[in-house]
Structures are given as structure tokens and as C-alpha cells.
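Participant: The listed protein sequences correspond, in order, to chains A and B. The working numbering puts the first sequence at residues 735 to 874. The working numbering puts the second sequence at residues -10 to 242.
Quick caveat, the hints were computed from the structure, so don't treat them as lab data. Warning: the hint list may mix true and false statements.
Quick list of simulated restraints, FRET-style, between CB atoms [said to hold, decoys possible]:
#1 H40(B) to V778(A): 41 to 49 Å
#2 Q781(A) to N183(B): 25 to 33 Å
#3 T58(B) to H779(A): 52 to 60 Å
#4 M88(B) to K872(A): 24 to 32 Å
#5 N(-3)(B) to M851(A): 53 to 61 Å
#6 M869(A) to F159(B): 38 to 46 Å
#7 V778(A) to E87(B): 15 to 23 Å
#8 H132(B) to I801(A): 35 to 43 Å
#9 K91(B) to L786(A): 49 to 57 Å
Think of the CB as a built atom: it goes at the ideal place given N, C-alpha and C, for glycine as much as any other residue.
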Amino acid sequence: MILQLITSFIASTAFGIIFNAPRKSLLKCGFTGMVGWVLYVWLVHNQVDSVLATLVAAFVVAIFSQIFAKVYKTPIIIFSVSGIIPLVPGGLAYDAMRNFVENDYNSAIQYAAKAFMISGAIAIGLVFSEVINQMIRKFR
Amino acid sequence: MENGNKLNQTYEVTNVCLLAGKIMLQSGAETYRVEDTMMRIAASIGIHQSHSFVTPTGIIFSIDGTDPTKFVRISDRTTDLQKVTIVNSISRKISSGEMSLKDAYEEMKQIETANLAYPVLIQITAASLVGGCFTMMFQGGWHDFIPGLVSGGVGFSCFIYFHRLVQVKFFAEFLASFIIGLLSFLFVTIGFGNELDKIIIGSVMPLVPGLLITNAVRDLMAGHLVSGLSKGAEAFLTAFAIGTGIAVVLSLF
Chain A
735 MILQLITSFI ASTAFGIIFN APRKSLLKCG FTGMVGWVLY VWLVHNQVDS
785 VLATLVAAFV VAIFSQIFAK VYKTPIIIFS VSGIIPLVPG GLAYDAMRNF
835 VENDYNSAIQ YAAKAFMISG AIAIGLVFSE VINQMIRKFR
Chain B
-10 MENGNKLNQT YEVTNVCLLA GKIMLQSGAE TYRVEDTMMR IAASIGIHQS
40 HSFVTPTGII FSIDGTDPTK FVRISDRTTD LQKVTIVNSI SRKISSGEMS
90 LKDAYEEMKQ IETANLAYPV LIQITAASLV GGCFTMMFQG GWHDFIPGLV
140 SGGVGFSCFI YFHRLVQVKF FAEFLASFII GLLSFLFVTI GFGNELDKII
190 IGSVMPLVPG LLITNAVRDL MAGHLVSGLS KGAEAFLTAF AIGTGIAVVL
240 SLF
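Make the full structure from the sequences, and use the hints.
Facilitator: This is the structure we're talking about:
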């Protein structure tokens, strides 16, 4: 678990560098990515379905990004992008494609559907936090 | 005379708004933020009726009345979140009255041409770190860390190089992921790494269109259907290019 913490932190920070995020916000990018990924891994480890786990993790990532964006007065995408990246279902997409290449279409479609569901979960997680953010703004 | 002054000022506002919008859109900001920034700048000068239509390939901006509508074409888009942040803070300064339109225009002109990116070497190092760390995050073992590191870095540098060589981004992505697949296969064959899948997944990560996916979702949410769908298409094509590159390697061996 500690290994996951460290690697996800480094990976998200490095993604901040690739996207040329401002130097000051790099560590916060790493932190957002770390929180999202560790939450996802912990949920999956506790037998939660990976789609639901992705949804929760994406939601939390978006909440953290909103807080950082508000506090440091920077555009929100800086944080949410590097937080979301680890959740992208790269492994599933790879498996799907591998099976397509090996002419095993049945398993390929299964993997592809799962990857699609997880992408949808990321989107819905982002939407939820945005909605909550707008509601808070409205009630004030 | 007074009329002429007013006309001049409107021109100035339009220019500042369009420049701000252009830089932000080229650097990978969401459509919503681009429109919002332009309207805020206009509103801070006292023009509350402005309309903008922003797509990933062009901006149309118009101020109500008889003034001409202006249009800018966006031909190439990169990812440079630092520029987005700077222009965002300039627009804040204009809104709060800290900065005059003229100063803002000068400063943004400089930013437009400035190269604020991290040095290429640092970017490649970051990409290698991403490759190595993601290999570990997907439950790879320690012996797969170095192969992931190397092929991630090499893949990303190939992407940068090919993108300079050919302007077609998807082709550069295809070639880069093809080389990643080849390299990972080589590593596993000579016994340097263990799990081919983990190494490939990890080292392909730096090429994944994360910003496009996030922006597409956010744009669709905000009701910018045209931009959202076209960004989604771009993300899909990128993912497809990466997938094809790896698929070619897998089917060859």
C-alpha cells in the first residue's frame, strides 16, 4: 500500500510536468492523484466493484480539485487532470485490444464494455462533484 | 470625436478578449473557461452584452450593437496549463481594475510567443517516471520497473520527435506506441522484464489523452455540445492510434 502511495504520487506529479502545470501546483497535482488512486485501490481491495470504486475516486478527486482551485485561484483542470489520469482504464483497454488482435471477440467485447463503463463512471464522478459545487454556490 | 474614442475602445476590448481566448484555447483550457474569461474581460470594461462562440478550431466574438464581429482561427493546440493559469490571472486583474487593457494586451502578446514549457529533457524524465510508476501501480513487480521506465521515456521522446517531423498527431502517437510495444517485447524476450502486459500498459500511459477526456466531459456538462463531441472524437482517435500501434506489435509476434 505504501508503494502504491509513493508511485501514484510520483506518477501524478510527473503528469503535471508533461502537461506543463505551473511549478507551484505540481505537488498538489501529485496529492490529488495519490488520493484518488489510493482510494480506488483500497475500495477494490475490499471487494467493491471497480466501476463503483472508480466513480467514488473520481468524485473525491474532483472535490479536492475544486478545493485547491478555490484556495489557490487557479483553473480547476490543472488538478483534476492529473488526478483523473490514474483512473483511466488503460489496462482494460489493453486487454480488450489484445483479445481483438487474437480474434477472441467474446472476451474482447467484455473487456471493452468494462472499460467503457469505467470511463462513464469517471465522467459521472466529475459531473456529481460539479453539481454539488454549483448547489453550494447557489445556497450561499 | 467622442464617438471615435468609444469605437477605438471597443476595438481594443475585442482584441484583448480574442487574444486571451486564443491563448487559452491553444493551451488546452475548457471551452467554458474561454467563453467565461472573454465575457468577464468585456464586462469589466462596461460591455455587458457580448457573445462568443468557441469551438476547438475557432473563436467568434461579437459585442452587441453595430461593431464588427471578429473571428480567430485556432490551427494548432498544445497542452500548456501554465499559460492557462497566467491568462486566467491576467483576466482577474483586469476585472478588479489592477491592470489596464493596454498592459494586459502587451503582456499577453509576450505570453503568446513565449515558450514556458519545461525543458524537453525534464519532460522525458517525467514521462519515464510515469511509465515506471504506472507499471508498479498496475501490480507489476520491481523487476518490471526499469523496463517500464525505459520504454516509457523512449516512447515519449519518439512521440515528441515524430510530432516535429510529421504534423499528423495521430501518426506520431501510432509510431510511438508501436516502438513502445517493440521495446517492451524486446525486454521481455531477453529476460530483462517479466510481464509484457504490465510494462506496455505502464509505458503507454504518458501518451493517454487525459486532458482531452476531462475537457470533453466538462464541456459536454456545461452544454458546449459541439466542442465536447469534437474533443471526445479527438480523444477517441488518440486512444485508437495508441491501441493500433500496440496491436500491430502483438499481432506480429
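Participant: Does each hint fit the structure? Answer for all of them.
Facilitator: So, going through the hints one by one against the coordinates:
{"no.": "1", "hint": "H40(B) to V778(A): 41 to 49 Å", "verdict": "holds, 47 Å"}
{"no.": "2", "hint": "Q781(A) to N183(B): 25 to 33 Å", "verdict": "holds, 27 Å"}
{"no.": "3", "hint": "T58(B) to H779(A): 52 to 60 Å", "verdict": "holds, 56 Å"}
{"no.": "4", "hint": "M88(B) to K872(A): 24 to 32 Å", "verdict": "holds, 31 Å"}
{"no.": "5", "hint": "N(-3)(B) to M851(A): 53 to 61 Å", "verdict": "holds, 56 Å"}
{"no.": "6", "hint": "M869(A) to F159(B): 38 to 46 Å", "verdict": "holds, 40 Å"}
{"no.": "7", "hint": "V778(A) to E87(B): 15 to 23 Å", "verdict": "violated, 48 Å"}
{"no.": "8", "hint": "H132(B) to I801(A): 35 to 43 Å", "verdict": "holds, 39 Å"}
{"no.": "9", "hint": "K91(B) to L786(A): 49 to 57 Å", "verdict": "holds, 53 Å"}
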